[in-house]
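*Asks:* Listed below, chain by chain, are the residues.
6 protein chains.
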Amino acid sequence: MIRLTKRVEFCAAHRYANPRWSEEENRRRFGKAVNLHGHNYVLEVTIQGEPAPETGMVMDLKALKDLIVEVVVDHLDHKNLNLDVPALEGRIPTSENLAVLIWDLLGPRLHGCALSRVCLREDAGSSVEYFGERGRP
Amino acid sequence: MIRLTKRVEFCAAHRYANPRWSEEENRRRFGKAVNLHGHNYVLEVTIQGEPAPETGMVMDLKALKDLIVEVVVDHLDHKNLNLDVPALEGRIPTSENLAVLIWDLLGPRLHGCALSRVCLREDAGSSVEYFGERGRP
Amino acid sequence: MIRLTKRVEFCAAHRYANPRWSEEENRRRFGKAVNLHGHNYVLEVTIQGEPAPETGMVMDLKALKDLIVEVVVDHLDHKNLNLDVPALEGRIPTSENLAVLIWDLLGPRLHGCALSRVCLREDAGSSVEYFGERGRP
Amino acid sequence: MIRLTKRVEFCAAHRYANPRWSEEENRRRFGKAVNLHGHNYVLEVTIQGEPAPETGMVMDLKALKDLIVEVVVDHLDHKNLNLDVPALEGRIPTSENLAVLIWDLLGPRLHGCALSRVCLREDAGSSVEYFGERGRP
Amino acid sequence: MIRLTKRVEFCAAHRYANPRWSEEENRRRFGKAVNLHGHNYVLEVTIQGEPAPETGMVMDLKALKDLIVEVVVDHLDHKNLNLDVPALEGRIPTSENLAVLIWDLLGPRLHGCALSRVCLREDAGSSVEYFGERGRP
Amino acid sequence: MIRLTKRVEFCAAHRYANPRWSEEENRRRFGKAVNLHGHNYVLEVTIQGEPAPETGMVMDLKALKDLIVEVVVDHLDHKNLNLDVPALEGRIPTSENLAVLIWDLLGPRLHGCALSRVCLREDAGSSVEYFGERGRP
Numbered sequence: 006m007i008r009l010t011k012r013v014e015f016c017a018a019h020r021y022a023n024p025r026w027s028e029e030e031n032r033r034r035f036g037k038a039v040n041l042h043g044h045n046y047v048l049e050v051t052i053q054g055e056p057a058p059e060t061g062m063v064m065d066l067k068a069l070k071d072l073i074v075e076v077v078v079d080h081l082d083h084k085n086l087n088l089d090v091p092a093l094e095g096r097i098p099t100s101e102n103l104a105v106l107i108w109d110l111l112g113p114r115l116h117g118c119a120l121s122r123v124c125l126r127e128d129a130g131s132s133v134e135y136f137g138e139r140g141r142p
Numbered sequence: 006m007i008r009l010t011k012r013v014e015f016c017a018a019h020r021y022a023n024p025r026w027s028e029e030e031n032r033r034r035f036g037k038a039v040n041l042h043g044h045n046y047v048l049e050v051t052i053q054g055e056p057a058p059e060t061g062m063v064m065d066l067k068a069l070k071d072l073i074v075e076v077v078v079d080h081l082d083h084k085n086l087n088l089d090v091p092a093l094e095g096r097i098p099t100s101e102n103l104a105v106l107i108w109d110l111l112g113p114r115l116h117g118c119a120l121s122r123v124c125l126r127e128d129a130g131s132s133v134e135y136f137g138e139r140g141r142p
Numbered sequence: 006m007i008r009l010t011k012r013v014e015f016c017a018a019h020r021y022a023n024p025r026w027s028e029e030e031n032r033r034r035f036g037k038a039v040n041l042h043g044h045n046y047v048l049e050v051t052i053q054g055e056p057a058p059e060t061g062m063v064m065d066l067k068a069l070k071d072l073i074v075e076v077v078v079d080h081l082d083h084k085n086l087n088l089d090v091p092a093l094e095g096r097i098p099t100s101e102n103l104a105v106l107i108w109d110l111l112g113p114r115l116h117g118c119a120l121s122r123v124c125l126r127e128d129a130g131s132s133v134e135y136f137g138e139r140g141r142p
Numbered sequence: 006m007i008r009l010t011k012r013v014e015f016c017a018a019h020r021y022a023n024p025r026w027s028e029e030e031n032r033r034r035f036g037k038a039v040n041l042h043g044h045n046y047v048l049e050v051t052i053q054g055e056p057a058p059e060t061g062m063v064m065d066l067k068a069l070k071d072l073i074v075e076v077v078v079d080h081l082d083h084k085n086l087n088l089d090v091p092a093l094e095g096r097i098p099t100s101e102n103l104a105v106l107i108w109d110l111l112g113p114r115l116h117g118c119a120l121s122r123v124c125l126r127e128d129a130g131s132s133v134e135y136f137g138e139r140g141r142p
Numbered sequence: 006m007i008r009l010t011k012r013v014e015f016c017a018a019h020r021y022a023n024p025r026w027s028e029e030e031n032r033r034r035f036g037k038a039v040n041l042h043g044h045n046y047v048l049e050v051t052i053q054g055e056p057a058p059e060t061g062m063v064m065d066l067k068a069l070k071d072l073i074v075e076v077v078v079d080h081l082d083h084k085n086l087n088l089d090v091p092a093l094e095g096r097i098p099t100s101e102n103l104a105v106l107i108w109d110l111l112g113p114r115l116h117g118c119a120l121s122r123v124c125l126r127e128d129a130g131s132s133v134e135y136f137g138e139r140g141r142p
Numbered sequence: 006m007i008r009l010t011k012r013v014e015f016c017a018a019h020r021y022a023n024p025r026w027s028e029e030e031n032r033r034r035f036g037k038a039v040n041l042h043g044h045n046y047v048l049e050v051t052i053q054g055e056p057a058p059e060t061g062m063v064m065d066l067k068a069l070k071d072l073i074v075e076v077v078v079d080h081l082d083h084k085n086l087n088l089d090v091p092a093l094e095g096r097i098p099t100s101e102n103l104a105v106l107i108w109d110l111l112g113p114r115l116h117g118c119a120l121s122r123v124c125l126r127e128d129a130g131s132s133v134e135y136f137g138e139r140g141r142p
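Residue numbers (this note's numbering), protein chains in the order written: chain A, 6 to 142; chain B, 6 to 142; chain C, 6 to 142; chain D, 6 to 142; chain E, 6 to 142; chain F, 6 to 142.
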């Protein structure tokens with residue numbers, strides 16, 4: 006069993022606000038993050054499987070990248086995450102919620118290998134990881 | 006003469022659009038950048054001067070950082086650069102225009118040393134540098 | 006279950022020496038590390054938990070950072086680890102011993118989520134990870 | 006139990022081709038990677054064990070590095086992986102196959118601690134990890 | 006005057022050998038680099054000019070990247086620099102010679118701004134810079 | 006004319022204090038830096054010259070590295086810069102003073118090319134550059 010990780014980047018804008026809270030409450034809870042701002046997100050997708058004997062690869066890296074771009078990046082890159090992403094409606098666009106969304110989008114699209122980990126970095130000093138509903142395999 | 010560089014980071018949202026062009030023209034010229042999106046900006050400020058004999062320093066690094074935060078970061082961090090920064094009014098918030106603005110804000114506030122270079126990175130793959138009106142000293 | 010990682014940096018001085026060994030034995034075992042020297046340490050703290058529905062966060066990143074600074078950084082930053090840190094008395098200040106100390110300091114201070122991993126890098130080429138007494142959860 | 010990771014780098018040339026496929030089939034499957042090219046590989050080796058009380062270390066970092074250089078780097082650095090590495094004969098020199106080879110070379114040479122993970126990066130955007138035949142410990 | 010830098014990466018194989026020297030002399034001079042090996046090259050191209058008032062840009066970053074890919078990357082990426090690049094014939098494929106070649110390829114293709122600097126990194130520990138025949142502008 | 010840059014790293018301990026000032030004055034001026042602490046220093050040495058036609062190199066990178074290690078690193082690595090480096094006696098071991106010392110040590114040892122720039126980073130957020138007494142060439 007080998008784990009293969011592909012990294013891609015995208016940039017997006019967002020703000021944190023719970024619509025059921027007042028502006029004051031949101032500012033108290035989220036600080037500066039209630040203002041619209043943005044990030045260069047770094048996304049790492051890890052899959053696991055056995056290398057195919059004839060290619061020596063778990064999955065072709067270009068095919069993996071193309072899938073991530075089609076399924077994830079094209080929906081999040083250069084977007085306002087609060088307004089432009091229907092799948093996030095009703096969810097605050099935190100890295101935690103984004104990681105779960107990305108897992109749910111990518112998991113069903115992988116064949117012959119399994120999604121193992123989604124890691125999303127909002128900046129160089131923080132990251133979240135999600136391993137699916139059953140936790141780390 | 007020694008050059009001293011301090012790096013700080015901030016994050017902000019922006020979009021590119023020339024108000025005198027149609028939406029179609031803006032999209033043709035700026036591509037995806039007409040959509041609101043955002044970045045983790047990396048700002049490097051370089052000053053030059055002679056180290057003071059009693060401290061061995063061109064300028065105290067903490068004082069330089071505090072100045073950059075007060076004069077620049079507090080005005081750009083967690084902001085929508087198209088709406089929240091009066092000094093950018095009428096200018097498209099490109100890295101080029103931001104670098105000139107940062108120079109104009111910081112230059113008059115330095116004493117005993119000279120501003121030498123403002124470098125701004127929008128992402129890991131690109132940067133702009135500005136050396137003031139007289140070009141590189 | 007989501008894992009959230011926050012990175013902080015601090016710098017400190019240390020040397021390696023076992024007081025029960027001769028200077029020669031210490032130099033034979035530890036090489037140049039018997040000399041006082043120092044590092045820019047990079048500390049990654051990983052917690053795990055469920056995001057709160059009303060915030061979309063496992064823990065507020067600023068609160069996590071403030072806790073790490075209060076509980077860890079303020080005790081290690083700009084210190085001589087051999088002399089200035091009572092909690093390290095009798096222990097050689099290796100990254101392994103520091104990681105266990107950091108775990109023991111931070112673990113009891115987390116509520117509503119669990120400490121999952123402490124990773125400490127002494128330089129870009131090496132790191133240690135500690136997952137608590139029961140090993141990796 | 007502590008995990009200790011040491012990073013080393015080496016550079017090598019390789020191409021991807023299955024000798025049982027035609028040149029056209031290889032190009033269709035592997036794209037540009039059928040051409041001879043090369044990489045700066047980044048190798049991370051992770052071991053796990055208990056720190057020795059008298060040294061505070063799982064293993065001396067210099068001894069670990071020397072072992073990795075002797076057992077791995079000297080056989081792969083500045084080599085054409087398709088022709089110069091007998092242990093790879095009959096295997097396409099993908100990162101997956103290299104990681105398994107590195108595990109098999111290093112594992113038997115460690116005493117008093119266990120090999121835990123081999124991670125190999127071909128470039129900044131991708132990596133593979135291998136945890137041995139029994140999977141992640 | 007603003008300087009704008011775009012970074013791209015490519016990977017290639019090469020070896021160092023002067024055909025007028027014996028194998029022994031080449032090995033004595035070039036060490037391990039006489040063996041075929043490879044690198045992930047990082048190329049930074051810096052141009053300088055005045056931002057256009059209607060766009061706020063010295064040059065559109067995507068147009069600059071497309072030009073670098075067409076004029077440089079497509080000729081060097083996934084290539085054996087000793088055999089596959091006619092423009093390098095008779096020249097040892099050192100970073101120095103590559104930087105001059107890249108300058109000569111790119112310079113004539115820029116309009117409305119000037120090529121200012123070509124920087125090529127063979128690995129994280131070394132780089133070369135070329136500023137054209139007249140030296141640094 | 007080509008510029009060639011080699012990067013090396015070393016680690017050392019130091020503290021800032023002017024012996025003519027009281028402890029209180031030193032703490033007021035230097036803050037936490039009056040405590041003994043340490044860093045992973047990153048040193049970049051840039052030379053400039055014409056590539057030799059028979060090698061395509063300004064200087065052999067390994068020879069440049071060996072020179073930097075002999076002349077600089079062996080005197081600063083794993084040292085207490087306040088006590089163990091005679092050449093720094095009477096000077097506060099700031100990055101500014103270290104950069105001038107490194108220039109003075111290296112410059113006379115280069116033949117067939119010229120020292121162009123010494124850049125020293127104490128941490129990822131700051132650096133100093135020195136171009137010699139005559140300023141930037």
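Derived by calculation from the structure, the hints in this document are not laboratory data. Careful: at least some of the hints might be erroneous.
Where chains are identical, the list cannot tell them apart; a pair therefore holds if satisfied intra-copy or between any two copies.
Here are the computed lysine to any residue pairs in the SDA-like style, where the Cα-Cα straight-line distance is at most 25 angstroms [what the hints assert, rightly or not]:
#1 Lys37 x Phe136
#2 Lys67 x Arg139
#3 Lys67 x Leu111
#4 Lys67 x Ala22
#5 Lys11 x Ser27
#6 Lys37 x Gly137
#7 Lys70 x Asn23
*Asks:* If a hint holds in the structure, say so; if it does not, say that too.
*Replies:* How the hints compare with the structure:
1. Lys37 x Phe136: neither (29 angstroms within a copy, 31 angstroms between copies)
2. Lys67 x Arg139: neither (28 angstroms within a copy, 28 angstroms between copies)
3. Lys67 x Leu111: Within one copy only: 15 angstroms inside a chain, 28 angstroms across chains, cut-off 25 angstroms.
4. Lys67 x Ala22: Classified as between: cross-chain Cα gap 16 angstroms, same-chain 37 angstroms, threshold 25 angstroms.
5. Lys11 x Ser27: neither (40 angstroms within a copy, 29 angstroms between copies)
6. Lys37 x Gly137: Classified as neither; 30 angstroms inside a copy, 31 angstroms across copies.
7. Lys70 x Asn23: between (34 angstroms within a copy, 22 angstroms between copies)
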